[in-house]
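Protein chains in written order, with the numbering used here: chain A, 869 to 1556; chain B, -12 to 501.
Quick caveat, the hints were computed from the structure, so don't treat them as lab data. There's no promise every hint is true.
[To be verified] Taking lysine-lysine and the BS3-like style, the derived pairs with C-alpha atoms no more than 27 Å apart in a straight line are:
hint, chain 1, residue 1, chain 2, residue 2
1, B, Lys356, A, Lys956
2, B, Lys184, A, Lys1539
3, A, Lys956, B, Lys184
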Amino acid sequence: MTYSLAVDIGGTFTDVVLRGANGALSLDKTLTTHDDLLKGFFRGVDLVLGKAGVRAEEVTGVVVHATTIVTNALIERKGFPTALIATKGFGDVLSIRNEHRYEMYDPQIEFAPPLIPHEATFELDERVLADGTILREVDRAQVEALAAKLKAEGIVSVAICLLNSFRNPANERAVAAVLSEMLPDLYISLSSSIAPQIREYPRTSTTAVNAYAMPITQPYLHGLEVGLEKARIPNRALIMLSSGGIIGAEVAARNPVRMIESGPAAGALAASWYAERLGLDRLLSFDMGGTTAKACLIENKKPLVAGTFEVDRMYRFCEGSGMPLTIPSVDMIEIGAGGGSIASVDDLGLLKVGPRSAGSNPGPACYGQGGTSPTVTDADLLLGLLDAENFLGGDMHLDRPAAEAAMGRLAKALHTDVTRTADGIYRIVAETMAGAARAHLTDRGVDHRGIPLLAFGGAGPVHACAVGGLLGSTAVIFPPQASVLSAFGTLVTPVRLDLVRSALGNLEALDWKDVDRLLNEMTDEAIAALEQAGCERKTVRLIFGADLRYFGQQNELSITFEKDPREDRDIASIRSNFEASYHAQYGVNPSHVPLEIVSWRLTAQGPDIHFDGTASAARAPAKPKTERKIALWPDAGPVPVYDRLSLATNQKIAGPAIIEERETTIVLPPKWEAVVNELGCIVAKERA
Amino acid sequence: MDGIELEILWSNLIGIVSEQAKALQRIAFSPIVREAGDLASGLFDARGRMVAQANTGTPGHINSLAAAGKSLADLFHNQLVPGDIIITNDPWMSAGHFFDITVLSPIFWDDRLIGFIGSTIHHTDIGGYGIGAGARDIHEEGLWIPPLKFYEAGKPNAVLHDIIRRNVRTPDHVFGDLSAQVSSGRAGGERLIALCKRAGLRDIEELSEEIISRSEAATRRAIRALPAGTWHGESRFDVPGGDVIELKAAVTVDNEAGDVVIDFAGSSGASPLGINVVMNYTHAYSTFAVRSCLNPEQPNNYGSLAPIKVKAPEGSIVNAAYPSPLNARHVVGMFVPMPILKALHQVIPDRVLAEGSGAVWTVQIQGKKPSGEAFTSSMFNYSGGMGARAQKPGPSATCYPTGVAAVPVEILEAAMPIVFDKRQLRRGSGGEGRSRGGDGQVIGFHMRTDQPWLLNAVPSRLDRGPDGLDGAAPGAAGRFTVNGKSMSEPRKMTMQPGDVVLLETPGGGGYGLA
């Protein structure tokens, strides 16, 4: 039988999923090995293969990998000496940023130092103008002198980011040609290939991150290839990208910036697979872990993809405090609210939850590792939602007295009792997440009401119905394999690459010759990349899109075309397509304002993955394994507690009820009811 | 109401206005709204007291909107019906110049008025002189919209719509942004009513009282923790044309009442240029300065602003009287916090920052493209260095008190025939000290044209850099040269094809002896 493998390396766990051609899944989790990520990778693979009794040679399907290696490198900043090459007079672009002070009221604000310092920035006397004309060519002698300097200073990787190179890459390419001739081992990132979009700061930032990550990821991906061969796994690895695309290791190695946050992106893809299977046009994925919660809108069964992303936000998840990246990425909101979020009382006497987190060390007070601050998990325990003896399947005992002591101090400050305080934390954390989700959706012109929620992550199922109630969600869905959902997501996603190129101009005066040249280049690049990832050319589907805006605006809106726009060359239909999207998002259309095109987009996609999911065997409806008092619902009497694994397909459960699995607990409030569907999902709804 | 219920309701109110502000910012045509967040959005109770404000926006707008909401609610008391929407750009009543239009939407739940949603945004045009400080009186600065009903019982006020449309240069953009303000008021009102229903509230009177009284009490508590007394600070800076402006602030802490009174007596008189600041705007930047040092984490509302009182002599540059021109009031307004911070430095030295460059330098260019087509650029801006803090240096190329983003070089070069020669940090321009001031920046450009062009540049601090604190050195003064020759011209300048412009923004002041 053919087997496929998925490995998702996250901050704490490395998740592995093995899928047989018949749809059967085997999964395992192992601790992430931070000193050498590949050690955990292969340990997890061995574990899963051993458990399933499958030989490595039988893994003839895909091997898909999502990893946190690039994010780690950026946050730790322990990378190799990396240099920036800029146009003369413009070497400070990473220090000047966009000048924005992201937090208005804090006079003590700080900014992260630039990823590549001033001392490692070199300027070249060259210039491309805004229309692509070359005002000054690259002087070879200057580049040769620069090469000697780079060598002397032990630089291993360079980011080349020259002004207006998105319009004409010739000067950047000329610099790269000389450097690679003189320093064949140097890693080179060109802004015109990595992020060919207008706006010098985000383009430089993206290219700098790429250059910084290259010397770390290339040996890593090479080690992965060698390791797979040694493990006698026949196929080469495919790499998950932040956009939700999947691509071969060679392309990923040249574009490591695109691998950032690929794990969470894969979680969103799993959500879109469920949207497809459940026939839902819209779905909000809700993943709540130890320190943060993430939400992503699945629209028309696909995750929303944004053109920009910020990595390493250093100030309370505040927009603007991280490094901007102009790469296509799954459009996700991250909120500082997780199981470890700390509750406190502020100067106004208000109960606040987060964004400070006890993390996993010392962790919540109930972990008994010395934490003394009351957290969301402590509240969940004291409310009776979690079982002190059955956390992580009983592998970890929760210390109830420690949680009570921590909560008691907070209750005193609020002049109330422990239960009311824990109840307050439970409600406030739900409000925080619902509020952030509303803001995220409003910002995208989407009404938050009536969208089903897909809940996963360790803390997600505990809080999902409370959040869903506030958002007016029509249903809250708890998928199976929730603890390895990202790894699962990589296995249900086709090979895909998203490309974007700036081409600023008036839509009415569009030069189709230019468009042809640009789109042909993009098509060639995308098809070559997909062929490398094992796709046959004739199976590749191309989806064209563009970013447009009304003249005078500076934020653009992405639209997707039904077919290649060059077939009809119909500017009026491009305009009406844009106007419809604009109206859907903003509710108004200004009349008589001309349109400007900012960029072209291309998505190249391999064949769809056909996978029907596992149906659990029909069994007699399970009885509760026990019952307990839940302080959150004082009027309810003893509440039944089920073991999720024992539930049968189509079994109905009326709230209030608790459904426990090894890694999480589903909380079904009074007035809610749930049913187990054919996919093994538990679908909960509030009774009308 | 306990600290749990109140937290839930309060955070929802802030959520409502923050969502509306985000929607406004994304949709706006006005580049300064989108890029710099030059807008404010607030929620008011039925008496017009600001209960919650969006967590985005500039201080000048936010705190001015708080005042505008109150005045407009008083003015239209008992004269509103469902579907009415109020509008004004009266500088004295709202944000200090005609460009800022305030729209206030009453929220009716059935027939009961339960509150207002208000927003102020900087519009693309308002007729008259246009961008810059060159008008001789307020009437040259454009269209004055007195407080009126923009919609009456759900119907547009056709006369007013016509008047506005005929008096602005970019009617589509102005009406696009006004309709965004109207729709955000409607959406915010619906959200408030839904919240009341969910929480079982009939109105927000009790909630508003609780928020306002707790906020006021907390601010007074913070003030009472300070020593009593009066401290003085002054700040001197030069503006385009070379005039030196002096702002004097006497900051009196009454730690029994829990009041702070800021008095600008002795500050400069009115300027003939359009850089005069109305009381609302002075008040906005004064309360911002005090609150950002005293208790920045607390939400802004009627109660948290109430203990801070601001006075200035009528007709002075920080309490402008009719018919003084006001258009470029930020040129002086952004210096308002500086003398206050210097006074507070004697009270809470660890929480203030040294003087920085102050106002951002703004530039606008008009000319002809090689094709002969005329163009007018949008206004773009550059920051100098921020002042140092007791324990930290000042950030470079970053503005305080605003935090306006700059437009990228590539965007400007794509929009007009400008070529930048450099844009880099002005190393060493930050004042030396135990903590160094932030560096300013150097921006050089010329135009690719064979025709004369117009330059409207508004630099400041060309004569004297920002002061250091506690014996530290001042930041370097700014420099503005054309072909190497120093300039200080308050009005539009006619430039020749080969002219080379160089802007060197000031560094921030240092903090403490090195």
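Hint check:
1. Distance hint between Lys356(B) and Lys956(A) is fulfilled; the C-alpha atoms sit about 26 Å from each other, no more than 27 Å.
2. Between Lys184(B) and Lys1539(A) the CA atoms are separated by roughly 19 Å; this keeps the pair inside 27 Å, and the hint holds.
3. Between Lys956(A) and Lys184(B), the direct Cα distance comes to roughly 61 Å. Violation of the 27 Å bound is thereby established for this hinted pair.
Hint check: a violation occurs at hint 3 only; the rest are consistent with the structure.
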